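Asks: Given the structure of chain A, go ahead and fit chain B onto it with the hints provided.
So the chains spell out like this:
There are 2 protein chains.
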Amino acid sequence: MLENIDLSKTLDKAEYRKLKDEAELKLSALQRQAKELGIPVIIVFEGWGAAGKGTIINELILPLDPRGFKVYSTVAPTTEEAMHPFLWRFWQHTPARGRMTLFDRSWYGRVVGDRVEGTISGKELRQAFEDIRSFGRQLADDGNVIIKFFLHISKKEQKHRFNVLRGNPATAWRVSKSDLKQQKHYSEYLAASEDMLTETDSDYAPWTVVEAHDQRFATIKVFSTVIAALEKCIAARQQKQAVTPSTEAAPLTQMPEVFRSSILDRVDLSLTLTRKAYEDRLKKAQQALRELEYKIYTKRVPVIIAYEGWDAAGKGGNIRRVTQSLDPRGYEVVPIAAPNDLEKSHHYLWRFWVQMPKAGHITIFDRTWYGRVLVERVEGFCSEPEWRRAYREINEMEQHLTHAGAVLLKFWLHIDPAEQLRRFKEREKLAYKQWKITEEDWRNRKKIPQYRVAVEEMLYRTSTPFAPWTVVESNCKLHARIKVLETVCKAIQKRLK
Amino acid sequence: MLENIDLSKTLDKAEYRKLKDEAELKLSALQRQAKELGIPVIIVFEGWGAAGKGTIINELILPLDPRGFKVYSTVAPTTEEAMHPFLWRFWQHTPARGRMTLFDRSWYGRVVGDRVEGTISGKELRQAFEDIRSFGRQLADDGNVIIKFFLHISKKEQKHRFNVLRGNPATAWRVSKSDLKQQKHYSEYLAASEDMLTETDSDYAPWTVVEAHDQRFATIKVFSTVIAALEKCIAARQQKQAVTPSTEAAPLTQMPEVFRSSILDRVDLSLTLTRKAYEDRLKKAQQALRELEYKIYTKRVPVIIAYEGWDAAGKGGNIRRVTQSLDPRGYEVVPIAAPNDLEKSHHYLWRFWVQMPKAGHITIFDRTWYGRVLVERVEGFCSEPEWRRAYREINEMEQHLTHAGAVLLKFWLHIDPAEQLRRFKEREKLAYKQWKITEEDWRNRKKIPQYRVAVEEMLYRTSTPFAPWTVVESNCKLHARIKVLETVCKAIQKRLK
Numbered sequence: 045m046l047e048n049i050d051l052s053k054t055l056d057k058a059e060y061r062k063l064k065d066e067a068e069l070k071l072s073a074l075q076r077q078a079k080e081l082g083i084p085v086i087i088v089f090e091g092w093g094a095a096g097k098g099t100i101i102n103e104l105i106l107p108l109d110p111r112g113f114k115v116y117s118t119v120a121p122t123t124e125e126a127m128h129p130f131l132w133r134f135w136q137h138t139p140a141r142g143r144m145t146l147f148d149r150s151w152y153g154r155v156v157g158d159r160v161e162g163t164i165s166g167k168e169l170r171q172a173f174e175d176i177r178s179f180g181r182q183l184a185d186d187g188n189v190i191i192k193f194f195l196h197i198s199k200k201e202q203k204h205r206f207n208v209l210r211g212n213p214a215t216a217w218r219v220s221k222s223d224l225k226q227q228k229h230y231s232e233y234l235a236a237s238e239d240m241l242t243e244t245d246s247d248y249a250p251w252t253v254v255e256a257h258d259q260r261f262a263t264i265k266v267f268s269t270v271i272a273a274l275e276k277c278i279a280a281r282q283q284k285q286a287v288t289p290s291t292e293a294a295p296l297t298q299m300p301e302v303f304r305s306s307i308l309d310r311v312d313l314s315l316t317l318t319r320k321a322y323e324d325r326l327k328k329a330q331q332a333l334r335e336l337e338y339k340i341y342t343k344r345v346p347v348i349i350a351y352e353g354w355d356a357a358g359k360g361g362n363i364r365r366v367t368q369s370l371d372p373r374g375y376e377v378v379p380i381a382a383p384n385d386l387e388k389s390h391h392y393l394w395r396f397w398v399q400m401p402k403a404g405h406i407t408i409f410d411r412t413w414y415g416r417v418l419v420e421r422v423e424g425f426c427s428e429p430e431w432r433r434a435y436r437e438i439n440e441m442e443q444h445l446t447h448a449g450a451v452l453l454k455f456w457l458h459i460d461p462a463e464q465l466r467r468f469k470e471r472e473k474l475a476y477k478q479w480k481i482t483e484e485d486w487r488n489r490k491k492i493p494q495y496r497v498a499v500e501e502m503l504y505r506t507s508t509p510f511a512p513w514t515v516v517e518s519n520c521k522l523h524a525r526i527k528v529l530e531t532v533c534k535a536i537q538k539r540l541k
Numbered sequence: 045m046l047e048n049i050d051l052s053k054t055l056d057k058a059e060y061r062k063l064k065d066e067a068e069l070k071l072s073a074l075q076r077q078a079k080e081l082g083i084p085v086i087i088v089f090e091g092w093g094a095a096g097k098g099t100i101i102n103e104l105i106l107p108l109d110p111r112g113f114k115v116y117s118t119v120a121p122t123t124e125e126a127m128h129p130f131l132w133r134f135w136q137h138t139p140a141r142g143r144m145t146l147f148d149r150s151w152y153g154r155v156v157g158d159r160v161e162g163t164i165s166g167k168e169l170r171q172a173f174e175d176i177r178s179f180g181r182q183l184a185d186d187g188n189v190i191i192k193f194f195l196h197i198s199k200k201e202q203k204h205r206f207n208v209l210r211g212n213p214a215t216a217w218r219v220s221k222s223d224l225k226q227q228k229h230y231s232e233y234l235a236a237s238e239d240m241l242t243e244t245d246s247d248y249a250p251w252t253v254v255e256a257h258d259q260r261f262a263t264i265k266v267f268s269t270v271i272a273a274l275e276k277c278i279a280a281r282q283q284k285q286a287v288t289p290s291t292e293a294a295p296l297t298q299m300p301e302v303f304r305s306s307i308l309d310r311v312d313l314s315l316t317l318t319r320k321a322y323e324d325r326l327k328k329a330q331q332a333l334r335e336l337e338y339k340i341y342t343k344r345v346p347v348i349i350a351y352e353g354w355d356a357a358g359k360g361g362n363i364r365r366v367t368q369s370l371d372p373r374g375y376e377v378v379p380i381a382a383p384n385d386l387e388k389s390h391h392y393l394w395r396f397w398v399q400m401p402k403a404g405h406i407t408i409f410d411r412t413w414y415g416r417v418l419v420e421r422v423e424g425f426c427s428e429p430e431w432r433r434a435y436r437e438i439n440e441m442e443q444h445l446t447h448a449g450a451v452l453l454k455f456w457l458h459i460d461p462a463e464q465l466r467r468f469k470e471r472e473k474l475a476y477k478q479w480k481i482t483e484e485d486w487r488n489r490k491k492i493p494q495y496r497v498a499v500e501e502m503l504y505r506t507s508t509p510f511a512p513w514t515v516v517e518s519n520c521k522l523h524a525r526i527k528v529l530e531t532v533c534k535a536i537q538k539r540l541k
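As given, the protein sequences belong to chains A and B, one line each in that order.
Residues 45 to 541 in our numbering are what the first sequence lists, from first letter to last.
Residues 45 to 541 in our numbering are what the second sequence lists, from first letter to last.
One or more of the hints may lead you astray.
Put simply, identical chains are the same to the list, so a pair is met inside one copy or across any two.
Subject to a maximum C-alpha distance of 30 Å in a straight line, what follows is the list of computed DSS-like cross-link-like pairs (lysine-lysine) [what the hints assert, rightly or not]:
#1 K167 x K538
#2 K225 x K167
#3 K225 x K538
#4 K167 x K541
#5 K167 x K343
#6 K480 x K469
#7 K343 x K327
#8 K228 x K53
#9 K114 x K402
#10 K328 x K534
#11 K70 x K388
#12 K402 x K343
#13 K388 x K79
#14 K199 x K228
#15 K221 x K200
#16 K167 x K339
Calculated from the structure, these hints are not laboratory results.
Predicted model, so just to flag it, every value in this text is computed and none were measured.
With the rest of the complex left out, here is chain A:
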């Protein structure tokens, strides 16, 4: 989740003041409603040292009725606490119905800090993840709203902040030894955080990664997320209890677009490749891949390559370049269309499961199981609970595949709407390409904004350490083909090491 986060986001002062004033009013009303309805609220702040957790928590509690919340600062456990299971002290501080607890750092330290420092590993680490997951689920089942933030800053930014703090005698004390250790071993903490976010993200207690370079941006993103979560839960509860919304109730606020973490915004579609460079690298990569194909065959490694992308993004041509030099006995391309009747009568993952490659073989999916959270979501072919559940189900399937030793690569072929339009028109003009363009393509095009939201959420929720997404800049097809080929080679080489 972290590697694709755009840390350059900012918010100007005037906009900030306006949004903050609105948000404060809303939050204060929502706290009262949550209290009336007896909803317990848990807000967790995790993230890098000096990412601004304290400052944001201060902003967040200002509009709240102080009788209704408490802030629990997680420091090293006391002797008493260290003598109990690690979740014990957090159980103590779970909020009563109608109350709110804000955790400044929390139980997740067990699987990040403790892990990097080597005080926990192996079986104990697996157990900690299990215990954390059941803790969250039990509280959610009991009616708790659980909102979790990970405040993200880069290694460079953290270093800069530490330097500023240390340069001032009044603030130097705030940089602790463990902060400096985190700076030094940033990449290990990053890997552990990635793993933690994947292992503990769930529909009942989802993580929100907050781009925390700009304090104003981060603050409003936190406010908006809390407001959206509370409004959603309160609306659901009122419906269940058939309570008429009180006059305080505002219509459900949509999280402003700017605060959504965007991966696509940052894709540099200007990347191109000259024909000459393309042909050189293509030849080399294809040759390498052919050799790797034999190696994975003898080593019995299954390889799964999943293609998704916008209509006309060039999936077909891209796949052809991957397979061109391969031994046909070693790979298979599986095109995915709408499910047939038999497929529909099974679990939606069933038809993909049965197509998975055996050890030593390559399967390339032209469109994939991600249809569940893309077309099925946007077109309403499945219900919201179904596509929400699918993120977890898909991650579980991919994890099972990698448990069994598979290399799993997922490519999102990205083009912008203007390029898509150009290609559509070209297809209409050229007789030999006309079969490629249908009425449906034009219909889909009208829904680009909805698809974009779905794509963003997919990339965000299903980019895992074991099965990461690669976004492929595809306005230039030559660049796109080389990027995929070289990424596949690299991943297989890494696995064979």
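Replies: Chain B in isolation, oriented as in the chain A frame:
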């Protein structure tokens, strides 16, 4: 789950015929309804070699429309299958909507046979459990009814059956090498099976342990369980779809009492102890426990002793004998009554969590978190989904406690209704005991049958390898006290080794 199973259960021939005829008619109607409603059904048979899986499957499919089901016999994976993730071949055979798959052995072999044979362990084993759990949950979320049987026979019975089979040239081939290995390493297979049952029991895919010494008994238990599960799912589905039950629909069948696995039936309440033997053993055990108290203090082991039992079973006196010689700085007795307002405003496990002992200390709970599945269930203080969920939540809590190193002991103090009546009357007569008897005790007494069902299910679903129940025969208080004391000592000694 297995150690308390009563394998002596039988069913006579006439009763068997009658029940079987009824069951066949019902099952056949239910299959049609499941088909109409598009419900996929998965029935899994696991258990010991020669436990009778094949025979029962044959009985079960006789009344079924052969166009609606298939039997999948799990043998060693083919080369093709072995080259895929271990769940791959089972995914292939999951039933389409409205169809039924019976698995003769299944994916659970991965965590029993493969484990005992040492082909899987450590991280891989944890992963297999995770993969199995998500497999089941995904299918259940998609509407599958999942019914799982574990056919249980003793080591001796298995040996006997193998001998009979091998004694006849026509059947000798049926005893395989791996069968004989299982016989030889019965206790290891038993431990792995116990663990598997605990790790993969869930509300969406519960295990039913079948006492399989008597083939007739086992057959009818399987029929009844399948019928109850199908009826329940069909009724829920019809309600959801607002379908008027067709004329075929029968009222929900209650599983006949005799087929419920009973742990209490087998408790030998005639066990007694002479005063002399009692006093000798009491002194010895108390002394041993005091020494152990110091040892766990220095070794920082937390000990949790949980008491549950019928009213007037003698919990108070029993606890006094445990604490009598203990150093009061090292233990605490926590009496549990109805929750107060603050406690009610939290998760029901919260008040127990905060009372858990710190490392090196003993906490004795006089009544416990099991109130959720006993009094709260019987009196309707919580909803059915809530108490059903509680089995898992409680197992998770206890697992978390033992992850943190705790010794956890749970005692069910058992007396029969006649003995309870005698004690109630005695309490009314004796002035110094009158405070012990209230109107509520008499009210509870009227609900003994309902409580008994709840107790049986509690013992069954929450007896885990990490936190087993000990049923204490308490008609004789002297016996009961010694049994508890000695069990506590033994468990602590085992932990300290």
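Asks: Now tell me, hint by hint, if it's right for this structure.
Replies: Cross-check of the supplied hints:
1. K167 x K538: Both, since 25 Å and 21 Å are each at most 30 Å.
2. K225 x K167: both (25 Å within a copy, 29 Å between copies)
3. K225 x K538: within (29 Å within a copy, 40 Å between copies)
4. K167 x K541: This pair counts as both: shortest intra-copy Cα distance 25 Å, inter-copy 20 Å.
5. K167 x K343: both (28 Å within a copy, 21 Å between copies)
6. K480 x K469: Close inside one copy (11 Å), not across copies (89 Å); limit 30 Å.
7. K343 x K327: For K343 and K327, only the intra-copy Cα distance (24 Å) is at most 30 Å; the inter-copy one is 65 Å.
8. K228 x K53: within (25 Å within a copy, 66 Å between copies)
9. K114 x K402: This pair counts as between: shortest inter-copy Cα distance 25 Å, intra-copy 54 Å.
10. K328 x K534: For K328 and K534, only the intra-copy Cα distance (13 Å) is at most 30 Å; the inter-copy one is 69 Å.
11. K70 x K388: Between copies only: 29 Å across, 44 Å inside.
12. K402 x K343: within (12 Å within a copy, 50 Å between copies)
13. K388 x K79: Result: close only across copies, 15 Å inter versus 44 Å intra.
14. K199 x K228: Answer is within: at 9 Å inside a copy they meet the 30 Å cutoff, but 59 Å across does not.
15. K221 x K200: within (18 Å within a copy, 63 Å between copies)
16. K167 x K339: between (32 Å within a copy, 26 Å between copies)
Violated hints: none; the structure is consistent with every hint.
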